[in-house]
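Enquirer: Now for the letters of each chain:
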Amino acid sequence: MKKTHERTFVITFLIAPVITYSLFYVYPFINAFRISFYRWSGLSPRMTFVGLANYRRLFTDSIFYQTLYNQIFLIMVTSLITFSLAMIFAVIFTSKTYPENSFLRVIFFFPNMLSMVVVSILWKFIYNPHFGLLNGFLSLFGFEGNTALLASSSTVLAALVAPQVWMLVGFYMVLFIASINTIPVELYESAKIDGAGMVRQFISITIPGIWYTIQITFVFFLIATVSNSFALVRVTTGGGPSRSSEVVTTYFYQQAFDNSNFGYALAIGFVVSLVMFIFASLIMKYTKRDLA
Amino acid sequence: MKKLLVVILILALASVAAAAGGRAEQMRETDEQDMKISVHLGAFGEDIWKQMIELFEERNPGVSVELEISPTNFESLRLQYLSGRDLPDFHQAPTWSLDYQTLQEEGMLFSYEDILQTPSPYGEGTFEELLLPSTLEIMRHDGNLYLMPFSLGSNGLWYDEKLFRDKNWSVPTNFEEFLEFGEKALAEGIAPFTYTGVHDYIGFILYPTIASIGGVEAISKLNNLEEGAFTQNAVVEMLRRVEMIRDSGMIQHGALGFDHIESQTELALRRAATVVSGDWIWVEMRDAWPDDFELGFMGNPLSKAGEQRCSWMHLLRVSVPRDASNPELGAEFAKFMFDGDVMDIWAREAGVVRPIVGADAFTDYLFDAKRVAINYLTAPDNLPVFVAFPYSHRELHIEFMNHVDALVEGVTTIDRISRDMEASLRRARAER
Chain H
1 MKKTHERTFV ITFLIAPVIT YSLFYVYPFI NAFRISFYRW SGLSPRMTFV
51 GLANYRRLFT DSIFYQTLYN QIFLIMVTSL ITFSLAMIFA VIFTSKTYPE
101 NSFLRVIFFF PNMLSMVVVS ILWKFIYNPH FGLLNGFLSL FGFEGNTALL
151 ASSSTVLAAL VAPQVWMLVG FYMVLFIASI NTIPVELYES AKIDGAGMVR
201 QFISITIPGI WYTIQITFVF FLIATVSNSF ALVRVTTGGG PSRSSEVVTT
251 YFYQQAFDNS NFGYALAIGF VVSLVMFIFA SLIMKYTKRD LA
Chain P
1 MKKLLVVILI LALASVAAAA GGRAEQMRET DEQDMKISVH LGAFGEDIWK
51 QMIELFEERN PGVSVELEIS PTNFESLRLQ YLSGRDLPDF HQAPTWSLDY
101 QTLQEEGMLF SYEDILQTPS PYGEGTFEEL LLPSTLEIMR HDGNLYLMPF
151 SLGSNGLWYD EKLFRDKNWS VPTNFEEFLE FGEKALAEGI APFTYTGVHD
201 YIGFILYPTI ASIGGVEAIS KLNNLEEGAF TQNAVVEMLR RVEMIRDSGM
251 IQHGALGFDH IESQTELALR RAATVVSGDW IWVEMRDAWP DDFELGFMGN
301 PLSKAGEQRC SWMHLLRVSV PRDASNPELG AEFAKFMFDG DVMDIWAREA
351 GVVRPIVGAD AFTDYLFDAK RVAINYLTAP DNLPVFVAFP YSHRELHIEF
401 MNHVDALVEG VTTIDRISRD MEASLRRARA ER
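Chains as they are written, first to last, in my numbering: chain H, 1 to 292; chain P, 1 to 432.
Extracted from the complex, chain P is given alone in its bound form (with noise of 0.2 Å):
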């Protein structure tokens, strides 16, 4: 009997001290979580992410995350959308690599309204009151935020500074003085503008110009794909500017078939005085530049004295898929990418500022031509212009890119243009 209690006493405290050991298992479940991201190798390295992970892991002890990354993850997000499995719970691609169009509009992304009404990761007030209004603004789609806007940046024309300083060339700020440039650098020998006719960097200048001539409401005619909006005189205006650019024989010979790099290369070996390029350049072109050699940047000079100065604002986001495991951490992560310490970190190792209020607190850190492009698009008398139609509508914008290049080449004329792309609207909107 005596051994009988012994052994149902064992057996009890076996099981509550099985029980008690269970519940601290379910414990550590619910406060374990895993994430995965996956991100782009190429923009900014692995180590940033790396440490930004182990930053995440530090202040949120119980999360593990599990880093994807390629130079080719859209490939592979793609794919993952398509299937609904294996979806990181966060993704960085480029802006060209993925639809983010027709993922917002397929209602594939997560909404971060939720957590842009939570405490801002930097400075006082809501997150949604750190983020640049304008942005926001341009970003949301049906009242979602759904891309969020992760890095600033400042795309137009570049030049070489020591050049210009050694040629005694003034820096044209508008198109009329831009021809004046012209003439002096045709006269040197060197082509006044060079651009990549492969690709549609071109677009980085001729959208702002858009705007300069006809303001904002100009572009959102094309957004809207609203009739007539390649008739309107700011779209043919602005071809008459290419137009006079080419009859004053300014752009480089062969810029046509460039691509990128190549182009940058004519102004690295300083046979173009100018090239139209995002604010990679400097880092793109890193083992090619000149030891002299100092990068400016001219933004757009293609609109003339008296009209407002628009410049191209290069937004690259970031989103959270809706079928992610763990949306919320996935969206938390994204928060995180705000908080003081990693903009900073950002600001440092990979040039990145974010389009917050107050950004300026991040700009010191930047290369010198960075800076002096965050510089030129914020300025008080510079509008700063984001434009969704490459994006939203890519097929009419590379369409348009290609009747710009034929202009260019002096195949087609702007009547042509505005017909064909007229057209070419009236069919979109149909399909719409």
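One chain only, chain H, in its complex shape (with noise of 0.2 Å):
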């Protein structure tokens, strides 16, 4: 009885948000999937069957082949330097309190409030070979010659990376720090005791001790670049120079708004998504820890 009552409080709950998700996640992915075997404007009604014309072209098609390798670089580059950085200031301000503690960590977590198109205009200024404060930086160091990042097809990718860790990097500290904060100090000081060093204590508590967070974190990472790497090409260098910062989600974006070739664009769109999909698998797979 007590079962029965059960379920039905179960069930009762999960309607809302299953009918929810299958209307607005799982019918458009199953219709653009379906779309993706058509010749479609997006302008009218009016689809032509093509099969596996638009997979074909996709596998062939060395512009997407390029905008995917752009994508998956921004998102390994930016996802190491932020964590890195994320994870040491996270500890920094976990280890002692420093009075300035709490104002630092608003200062770090600030450009996480900015919309990424407001973030990407303030780093085109920043970069502007001319009057940039980059080069005004470099200049202080001896470096001349008005270093023109965004406009060299070999460093534009890298100068995309700074952006996105210039924001991304406070919220994430301030989740590592409140997932720090969660362990028992108890554990630092018989580590301590037993003479276990900074570095011990780090790789043996802290680590382990939010394994669960770094976990999400990697998955948040993946999503966060994907989606932010569209308004900051579009805002900054339109996929240029020659498409060498162009990503997926922009190339997407051009073939359906700009050459009205939805049924092309939704098949990079459905590979990006499986894609994506096995990437977030095998962080999940291979960040698995048995509850201790």
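No wet-lab data here; the hints were simulated from the structure. In this text the structure is predicted, and so the values were computed from the model without any measurement. Cβ coordinates follow ideal geometry from the N, Cα and C atoms, glycine included. Some hints could be false.
[Stated by the list, open to error] Which stretches of chain P does chain H cover? Using the computed rule of at least three CB atoms under 8 Å from a CB of chain H, they are:
hint	segment
1	253-259
2	391-398
[As the list claims (entries may be wrong)] Calculated Cβ distances over 12 Å to all of chain P for the following chain H residues:
hint	residue
3	F29
4	V50
5	M76
6	R105
7	F131
8	G132
9	G142
10	Y188
11	Q201
12	F257
Using the supplied hints, reconstruct the complex from the two chains, each of which is provided in its own coordinate frame.
Expert: Structure, rendered in structure tokens:
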């Protein structure tokens, strides 16, 4: 009897989210997959079935591979740098209580409150070769010659990492601080008595103690970098020079809205979703730890 | 009995009155017409459209016009076209914002052909005779006009007359002179040429150069996706000239990373002597120009002496959706835009000249730089070129412009561009 009540209770509360999820996530996803087999302008209901033609084109499209590479580069490098910096700052802020801690936390977190478009415009000014802050800063160290990071296909992608790191690092730092604060202080005290140094304490207590936060952080990195890179690229470089900073999301948009090629755009979207799903699954699989 | 007769009489009178009232109502309903227009906020502002509506309603009693104006009206239009519901009876949106080619090809637009045969709203003859024949020829799709040429624009290379005067530089009129000017500007520490690498503005001078070298047939080859369109001499020679400008160090450092505002700011700050842009540059940068700045128009100096001078003709277009509730009235509104008084208001208040025979009558109202640009375009020794390729084959155009950027950066060769573009051309043809 109790079990039946429990089941009714659970089902009642599941109905609304399941319907919402099916309506706004599952159905559009299935429909988008269906449309990827059509040639469709997105301007009229007229669609022509083209079978696998959009996918055949996709797998021979060198621009798609380049954008995928650019996207993965941004995901990997941004995640790595953001993770490292956020972790270092979190450990610093939790290891000792400095009077400036609260102020510094706000300063670090502030960029996260700005929209990606604002951040992009700001960094576009910083990178300007003629009046940007970067060149002014570099000239202090004797570097002259107006570095134009966004204007070179060899540096543009790396230049796009900095705005994302600047924006994200504060958020993950706060996340790690909150997580580190849940670790019992006694563990650190025992470790100290046993002669463990700072590095050993970090590896053997901090990292395992916040492992589930780290795990979810990696998935967040994936989502945040993919969604942020769209606005970042559109505002700063438009994908240039000559597509060297184009990412899959901007290429998807270009195909759908600029070229009125929704069928092909949705094929791109579907493959990218698949790639991201595989990435997320790998992250979850390789970061899985048994509950102690 | 008497009472009964009175009642019957009253009822009869009432029914006659009701019938008469109904007829009057019906008549009013027939005369009253509603229409909706959707326009882009940004290019011309809201006031001028409100003025247009007021005038149109005044001239057409019983007509009521609803205005939908926003900086993103094209997004709403896209959804309205897709659903087929709530479509406006007339719309104006930037050329880059809607795929007009697809709208034409998929039969989504209302043809202006019938209204073109009606009397002209300005001067003698028919409406068709008022419009520039060359623009009609360009705009017609399968013998029908779906995109009404609304404003005539002149895009190309802009410079600061004051700077040229101060430095004693003469304004180059051909490629040889342009290279000479470049050396002088470089000697003064000023970049002779800048452009936006983020947007495709450089096409404003590259396509006319192709026409200068190979005639309009060379442009037609691109438009028609003909085999060899990108290996033809006109394209290869144009790319060689880009290479020469690059090798002579004339292109401003960092230009590939500039958006249009940044590149235009370089001109305003006199760090660059020329910039590629459209004739909206004066208004767009109005807060940035120094007090002593004098905007001048150089057009297209990439054609060599002896070649036909060609420059980019920009045509903003207005359309009427085929499935609008009152497309005939929408077309009437489009025709109304060519009324003499209306064109006068547009020229004075928005700096807009319609592509009509006798457009000169309205150029006096334009701000100096735009007048110079329009005069350059319509000068007898210039061939105005409307290049459909960037609009009709957007994907190929963007790929081509990306290759040009790579050439400017020095990471590709002309041979590779020709090879890659021909491969893309073959794919586009196969898809067509």
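Enquirer: Are the hints correct? Go through all of them and say.
Expert: Hints versus structure:
{"no.": "1", "hint": "253-259", "in the structure": "holds (count 7)"}
{"no.": "2", "hint": "391-398", "in the structure": "holds (count 3)"}
{"no.": "3", "hint": "F29", "in the structure": "holds, 19 Å"}
{"no.": "4", "hint": "V50", "in the structure": "violated, 9 Å"}
{"no.": "5", "hint": "M76", "in the structure": "holds, 23 Å"}
{"no.": "6", "hint": "R105", "in the structure": "holds, 34 Å"}
{"no.": "7", "hint": "F131", "in the structure": "violated, 9 Å"}
{"no.": "8", "hint": "G132", "in the structure": "violated, 9 Å"}
{"no.": "9", "hint": "G142", "in the structure": "holds, 19 Å"}
{"no.": "10", "hint": "Y188", "in the structure": "holds, 48 Å"}
{"no.": "11", "hint": "Q201", "in the structure": "holds, 45 Å"}
{"no.": "12", "hint": "F257", "in the structure": "violated, 8 Å"}
Checked against the numbered hints given earlier, this structure breaks hints 4, 7, 8 and 12; the rest are met.
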